[in-house]
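Undergrad: Residues per chain, in single letters:
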Amino acid sequence: MTNLRLLTIGGLISYRALFGWLNPFSYVITILVPSLTQLTFFVYLGRTAHVADDTYYVAGNALVAAAAPSLFGMAQTVAGERYSHTLSLLVVSPASRIAVFFGRSLPATLNGIVISIWTLAIAALLFGIHIPAGALAPLGLTIGVTAFACVGIGLFNASLGLRWRETAVIGNLLLYILLIFAGVNVPLSRLPGWMSTLAQGLPVTHGANAARQLIAGASLGHVLPLIAAEALVGTVYVVIGLSTISLFELEARRGATLEVA
Amino acid sequence: MPLARVLLFGLGLHFKMLSRSPFDMFVVVASPLIFATLAYFLFQGGHGQSLLVAALASGVMGIWSTTTAQGAGALQTQRRIGILELLVASPTPFWAVVLPITVAISAIGVYSLAIGLVYVRLFFGVAIVIRDWVAFAVAIPATIGAIGSLGFLFASALVRYRSAFMLGNLFEWPVWMISGLLIPVAVLPTWLQPVSWLFAPTWGMRALRHATLGTGSAWLDIAACALLSIAYLVAGSFCLRLFLRSARARATLALT
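From first to last, the protein sequence lines stand for chains A and B.
Here this note's numbering is used: the first residue of the first sequence is 5, the next is one more, and so on.
Here this note's numbering is used: the first residue of the second sequence is -13, the next is one more, and so on.
Just chain A, with the same shape it has in the complex (with noise of 0.2 Å):
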């Protein structure tokens, strides 16, 4: 019960604490209008590069949209404790840490779901991009999966902020390498060998891949072993996450480096 308390209630606490609320405008000028802004660039230069059409960075640039909020934000709740000095606090209570980290990890997944949904639906509303009626609720679905593999990535960020102050720069970091690597905005065919090959292990691309195809008309059948690669990917990220929290804390105690990270 504690757990599920520390899980839901925790997160939430968290989450809100993240962006202040004192209103929305900081959520709508931090992440809603970046979201579009940066697609929009994106597309732009694709009309340049003559390389895909506009639906293929729509669906790309749509679906990593989940990972910019993700990556900071899981950072954040590593950082953010750091900054207000109860990092140390957190360290030495005896909650779980996977209900605590897990816990957070999920307003920061739904917060990818909405923005992702909002950067699609506007993008496809500017650039005339037709979505299949029924392609909706696959593509929430693929949505959903793609932010959860998102946040798997930032709970591995979250982890290292644990260990490097600067989690700003590693989550810039892991955020460029997805535009350049998962297919986002470079078709995996224009990439050398090894970079199309680690693309397969990076969150967003099976899943902005699936997102492309249903947008162009396949089934949910077609494209779901697309969506359980996304999953699986996203899973392996979030064990990797957790047990490097376990690791970099274990570590900040033996070498009572917490603060000095």
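It should be emphasised that the hints constitute simulated quantities derived from the structure, not laboratory data.
C-beta: ideal position from N, C-alpha, C; glycine also.
Misleading hints may appear alongside valid ones.
[As the list claims (entries may be wrong)] Covered, in the sense of this in silico footprint (three residues per stretch, anywhere, with C-beta under 8 Å from a C-beta of chain B), are these stretches of chain A: (1) 29 to 38; (2) 52 to 63; (3) 173 to 182; (4) 185 to 195.
Position chain B relative to chain A; hints supplied.
TA: Same frame as chain A, but now just chain B:
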């Protein structure tokens, strides 16, 4: 003379401080690497000169990125570290304190330009051929100065907002898009073109492109950078004066 000393010393001091900031250095180093790489894979088959221009464009993107990320929040930073009141109370004009900070923020973007050029030379074998070295050498400080002055305007105009840093960030992608950096203005809606003229990166990039390729006179673009710098400085000083008067009247200088 003391004013010139304040400006130069402030510029040097903040440039050195920013050069030791992991976040700022990441932004200026990563931008050219990321966007030059994207350009390479997207524009495969493009000739060396287009990659050279892409490297310059990604360098200007780095300059703009640091300016939006840090310039808008420059005064918030002084407030956060507890020296804003001291700076305002000092006999030095306040604009002379703020301007070197925002120009230094843009000036570390010179790393972006250098890294972009070295990167495409080493990894993609692009020959660094500049048609007009004199114009190129003048265009770099003109671009940095103009973008830094725009940062000064942002810092002054947004200082009363708690979320100045995020408001500044809003301009990052749109200005990258409309300034003719990696995306030609011709592919954008026509109504956006006059908007792009208001932003220094547009003219800075034009100057660097013309100086590099010899496709036009860079000096007109450099002059546009200078004119825009003056306009930004005048508007920024006006905003700063309003802010200071209001903050003094309401005793809110230390508040966010």
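Undergrad: Please count how many residues of the segment 29 to 38 of chain A have a CB within 8 Å of a CB from chain B and say whether that reaches 3.
TA: holds (count 6)
Undergrad: Count the residues of the segment 173 to 182 of chain A with a beta-carbon closer than 8 Å to any beta-carbon of chain B: does the count reach three?
TA: Three-residue rule met by the segment 173 to 182 of chain A, so holds; n is 4.
Undergrad: Three residues or more, CB to CB closer than 8 Å: is that satisfied between the segment 52 to 63 of chain A and chain B?
TA: Holds, because 3 residues of the segment 52 to 63 of chain A bring their Cβ atoms closer than 8 Å to Cβ atoms of chain B.
Undergrad: If you count the residues of the segment 185 to 195 of chain A with a beta-carbon closer than 8 Å to a beta-carbon of chain B, do you get 3 or more?
TA: Three-residue rule met by the segment 185 to 195 of chain A, so holds; n is 4.
Checked against the numbered hints given earlier, the structure satisfies every one of them.
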